[in-house]
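> Sequence:
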Amino acid sequence: MQTWPMVFDQFIEERLVTDVLKISEKVWGGARSTKEEKEMVPAEVVARFLEPGGTGETARGRAQELPVKARAAVSKGGSSSCDLCRLIDDLMETREAVAGGDTTTSRAAEI
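Numbered by my numbering, the letters in the sequence shown go through residues 393 to 503 in order.
Simulated from the structure, these hints should not be mistaken for laboratory data. Each hint should be verified, as a subset may be incorrect.
[Unchecked claim] Here are the computed lysine to any residue pairs in the SDA-like style, where the Cα-Cα straight-line distance is at most 20 Å:
1. K468 x L479
2. K468 x L458
3. K461 x D475
4. K461 x T450
5. K418 x G448
6. K418 x A439
7. K418 x K461
8. K461 x E449
9. K414 x K468
10. K414 x R440
Input sequences plus hints: build the corresponding full structure.
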């Protein structure tokens, strides 16, 4: 993946995929470029990204890991699944507390 942000939130999204997830490379920095940045021609950046053993291969590997991690998180017992169950339990407890009742069973376990 290559990024070429132009306006608004594209710069934030570019930082996410290049610096945080490391699944992309910056082609052009847009208006926020500084004097310290080396000016690069987009064709050179793309060629460097696509060359064998380059950053592109590493980025593709990381990108292929993301769906596996996402599936694991949303599967039963995964981190997102557990977080959702805890949220449901907390909401049910709050509703019961406001209504004056008390609940001791987990309603999220029914999901």
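> Hint by hint, note whether the structure agrees.
Now the hints, each set against the structure:
1. K468 x L479: 15 Å, holds
2. K468 x L458: The given pair, whose Cα atoms are some 18 Å apart, holds under the 20 Å limit.
3. K461 x D475: Distance ~15 Å between K461 and D475 Cα, so the pair holds.
4. K461 x T450: Satisfied, since the Cα-Cα distance of roughly 17 Å is no more than 20 Å.
5. K418 x G448: 12 Å, holds
6. K418 x A439: Between K418 and A439 the Cα gap is close to 12 Å, so the pair holds against 20 Å.
7. K418 x K461: Status violated; Cα separation ~24 Å.
8. K461 x E449: 19 Å, holds
9. K414 x K468: 28 Å, violated
10. K414 x R440: 15 Å, holds
Violated hints, in rising order: 7 and 9; the structure is consistent with all others.
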